Each structure stands twice: as C-alpha cells, then as structure tokens.
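Engineer: Given the sequences, and given the hints that come with them, work out the whole structure.
So the sequence shown is residues 0 to 357, counted in numbering that gives the first Met the number 0.
Keep in mind that a hint or two might mislead.
Within a straight-line C-alpha distance of at most 27 Å, the following computed BS3-like cross-link-like pairs (lysine-lysine) qualify [as the list claims (entries may be wrong)]: (1) K39 - K311; (2) K111 - K100; (3) K215 - K111; (4) K215 - K256; (5) K215 - K274; (6) K39 - K271; (7) K274 - K311; (8) K286 - K39; (9) K44 - K311; (10) K256 - K44; (11) K157 - K111; (12) K111 - K126; (13) K111 - K125; (14) K311 - K271; (15) K311 - K286; (16) K215 - K157; (17) K157 - K100; (18) K271 - K44; (19) K286 - K44.
Rather than coming from a laboratory, the hints here were simulated on the basis of the structure.
Just so you know, these numbers come straight off a predicted model, no measurement behind them.
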Amino acid sequence: MRSLITRIALLLALVSGFALAQSAKDAKSPSKGPPILPVKAVAAKVAPAVDEASAVGTLRADESVVIRPEIAGRIAEIRFEEGQRIARGALLATLDAGEAKAQLASAAAQAKLDAQRLERAEDLHKKNFISPQGLDEARSNAARSGAAVREIEARLAKFELRAPFAGVIGLRSLSVGAFVAAGTDIARLEKMDQLKMDFRVPESFISRVRLGQRVKAAVDAYSNQDFTGAIYAIEPGIDEGTRTILLRARVANPNLKLRPGMFARVNLQLGKRDKAVWIPEQAIVPKGRDSFVFRVANGRADMVRVQVGIRKAGEVEVTSGIAGGELVVTDGTLRLFPGAAVMLMQDKPAASAPAKKG
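Structural biologist: What follows is the structure, given as structure tokens:
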C-alpha cells in the first residue's frame, strides 16, 4: 500500500514538473501575431466616363419621291441618266404636248382679239357710242379668254416632269414613246447627301434623350468607319407593344457611301463625366446585391462598400466609396478579411533572353 502511494506521488511530481517546464518555455518564446498576407494592388485612376446605349437602326433618304406624271400622255423625251445626281428644278422628262400647244396658240389668238375689242369698246364708251352693258361684255370676254390661256399654260407645265429637290435619280421603268397614265411611276428621286436614321431605345431612357444629342452609326459595308449624326426628332408617344420610343437622327453622307434601307448599329451617348474613378474589374468583391473592394492603407486591407457605374474592357467605374489614387487589391482577395495585414507584391519582370555569344 505504501509502495502504491509512493508511485502515485512520484507520477504527480513528474507531471507538475513537465507542466512548469512547458510554461517557462512558452513564456520565453515570443508570441506570434496574425499572418501577413501577400497581395497585389493598383491605384484607382481618374479618367472620363461616357454613358452609352446601343440600338439598331434603319437608314432612310432625307427626302424621297417617285416621279409620276399628273396627266396621261406619251413620253416624248427622257433627260436623265440612271443613278445621276440631279439639281433641284432639273427637267427629267417630257410628255408629247403637241395638241396642248395648238390649243394654247388658239387661246392666245382669241385672247389677243378680245383685248383689242376691249380697247375699242373703251374708246367708244368714252364717246357714248356704246352702252355700259356693251363695255361690260367686252371686259368679260377679254377676262374669259385670258383665263383660258392661263389654264392651258398650267396644263402644259404638267407635260414637263421636274426634280422637286436635288438628289440622286434611280432606275427608270419606261422608255421614250411609252404611253403613260396619270400617276405611272417613272423613277425614284432620293436626297442622299444626308440620311435619316430611325432607331428605338427603351422608355427608361426618355429622361436622358434630347434633341441635338450626338450618335454614331456603323454599317457592315464599312466596318472600319463610324458615321456621326445628331437626333433631330423624337416620337411623342411610347410604343405600347415594345415599350420603346422612336428617335430620328440625321447622318452626314457627303460621299454617298450610305444608302437608304441600310441596317445600322447605333451608339448613343447619354452622358459624360470628366473625372470618374476607375478600378480593375477583378478588384470588385460581390456580396449579395452589394459590391465591395479591399482598400490598402498603412499595411492593412479594409473592406469598403462601393457603388459601381458603367463597365468597359475589364474596368469598372466607381461612383462612391473609393477616391482616385487609393490602392485596391486586385489579386489575393479570396484570403483577405477586414483589417488583415498585407504586403504588396510586385509583378516579376519578364526574364530576358540570354545574350548570344558572337
């Protein structure tokens, strides 16, 4: 019994001694703090930001009309070449007006005779050789014959088809000698030195769209060139089916590269901020519906909530939370926590090729 008690006392002494020795060792060794995490960071830059909207549009002639005769007749002459540029008022075609010209000559002769009779009637009336009724009749005849001349002259003008505006004339569908009814298509004339461009944007943009707003258009035929224009008309109502608003812009087309009917990809500038803050897209840490970044200052990374704006080519605009020049973590965010100690790592320079021995 005494031997068992002795063994137990010895075991307790050994355990106590080991515990005291370990405590002394721990007291002598320095305490370890939280680890320092290596990260890469960049400074937020300040640069302009442009709000843009994309749409699809259709190009239309600035003015377009189908040349048609107002009266029936036989085509006597065609004065244009297909595809030719036409000046305003240029004579395009004429109808055979032989009969109408003969009628005009007859009416003009009658008008001249009635004018002479009126002149004699006025002289006779002054001498009281004719009654007032006779003078009135002479005046009526002169007026009637004069009106007949003007009527035939107006009809003769319709035998000539002229360009109502400057433009490019299209392909004709009739030849000289063809008999045409009133309203028959001869050719289409289109004004193309500038074109209209119709496109639609969502109704949510209506407060940001205004007259004079600049637009850019791109077409497949000239993929390396942008065409510029400006909005000049806005449809008053919203399309109930698509909930979009129709906009119309004018696009300069001095070299006639663009053609009516072309499909265009439209870029509309909605707004511009000259001093926007930009950070790399990989710096954003999404949490639910919110966005955060780790901002580095004094060797520590603080988690900051930010509001993001537009995005472009791997960059994000930050509208609040970060100022220009502040450092944000771009690599290593998965290991970070608020207040973490960090060490900035630099990208290793690319190894240079060994020099060749000559």
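Engineer: Next, verify each hint and record whether it holds.
Structural biologist: For each hint, the structure was consulted:
In summary, the hint linking K39 to K311 is supported, as the alpha carbons are separated by about 21 Å, within the 27 Å threshold. A hinted pair counts as satisfied when its Cα atoms are at most 27 Å apart, and K111 with K100 qualifies at roughly 16 Å. The hinted pair formed by K215 and K111 fails the criterion: a straight-line CA distance of about 64 Å is larger than 27 Å. Simply put, K215 and K256 have alpha-carbon atoms about 15 Å apart, close enough for the 27 Å limit, and the pair holds.
As the CA atoms of K215 and K274 are separated by approximately 23 Å, the hinted pair is consistent with the 27 Å bound. A threshold of 27 Å between alpha carbons decides the hint, and for K39 with K271 the separation of about 31 Å lies outside it, so the pair is violated. Among the hinted pairs, K274 with K311 is consistent with the structure: their alpha-carbon atoms are about 16 Å apart, no more than 27 Å. The hinted pair formed by K286 and K39 meets the criterion: a straight-line CA distance of about 21 Å does not exceed 27 Å.
Annotation: proposed proximity of K44 to K311 holds, straight-line Cα distance about 14 Å (limit 27 Å). For a cut-off of 27 Å, the pair hint linking K256 to K44 is broken: about 40 Å separates their Cα positions. For the proposed pair K157 and K111, the alpha carbon gap of about 24 Å is at most 27 Å, so the pair holds. Between the alpha carbons of K111 and K126 the distance comes to roughly 23 Å, so the proposed pair stays at or under 27 Å and holds.
Restraint check: the Cα-Cα separation between K111 and K125 comes to about 22 Å, which is no more than 27 Å; the hinted pair holds. As the CA atoms of K311 and K271 are separated by approximately 14 Å, the hinted pair is consistent with the 27 Å bound. The hinted pair formed by K311 and K286 meets the criterion: a straight-line CA distance of about 21 Å does not exceed 27 Å. Of the pairs offered as hints, the one joining K215 and K157 is violated, with about 43 Å between alpha carbons and a cut-off of 27 Å exceeded.
Between the alpha carbons of K157 and K100 the distance comes to roughly 12 Å, so the proposed pair stays at or under 27 Å and holds. Pair hint K271 plus K44 holds up; C-alpha atoms about 16 Å apart against a cutoff of 27 Å. The straight-line distance between the Cα atoms of K286 and K44 is roughly 24 Å, inside the 27 Å bound, and the hint therefore holds.
Going through the hint list in order, the structure does not satisfy hints 3, 6, 10 and 16.
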